[in-house]
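**Q** Heads up, the sequence shown is in the working numbering, so the first residue is 16 and it goes up one at a time.
In case anyone wonders, no lab produced these hints; they're calculated from the structure.
Since no wrong hints were added, every one of them can be taken at face value.
Below, computed lysine to any residue pairings styled on SDA-like, alpha-carbon distance capped at 25 Å: (1) K114 - L104; (2) K78 - T122; (3) K51 - P20; (4) K76 - N115; (5) K28 - A66; (6) K46 - R123; (7) K114 - M101; (8) K61 - E112; (9) K46 - C64; (10) K46 - D86; (11) K51 - K114; (12) K61 - K114; (13) K28 - T122; (14) K51 - D32; (15) K78 - M39; (16) K61 - E16; (17) K28 - P17.
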Amino acid sequence: EPVEPGTNLAAIKAGADILAHPGMISEEEVKLAAEKGVFLELSGRKGHCLANGHVASLARKYKAPLVINSDAHAPSDFMTAEMAQMVGLGAGLSPEEIKNLYASARTRFLQP
Numbered sequence: 016e017p018v019e020p021g022t023n024l025a026a027i028k029a030g031a032d033i034l035a036h037p038g039m040i041s042e043e044e045v046k047l048a049a050e051k052g053v054f055l056e057l058s059g060r061k062g063h064c065l066a067n068g069h070v071a072s073l074a075r076k077y078k079a080p081l082v083i084n085s086d087a088h089a090p091s092d093f094m095t096a097e098m099a100q101m102v103g104l105g106a107g108l109s110p111e112e113i114k115n116l117y118a119s120a121r122t123r124f125l126q127p
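Using the sequences provided together with the hints, build the complete structure.
**A** The following block contains the structure:
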């Protein structure tokens, strides 16, 4: 599904915590997301995952935080840790980058 123009920018400016399946997000939007600490999703969902390499590449360039997510719509959509690892590797991340993104997300979202 393509992202409607202006959606990513509006969400980033509004202070979203995570930008889910941002699609072909622009460099300017990724740079702003990095500045505001907005996490960008690498999605395991069919269709949404097609832009993962693009998202990961720009996130690396601008040091924007990432999360790996299933974007589950049904119980069968949940992913294992192994599948999440494959999503990250498929997006071009190294095992070390995947380990670091988990740590960063845990710190931001799971610890009080």
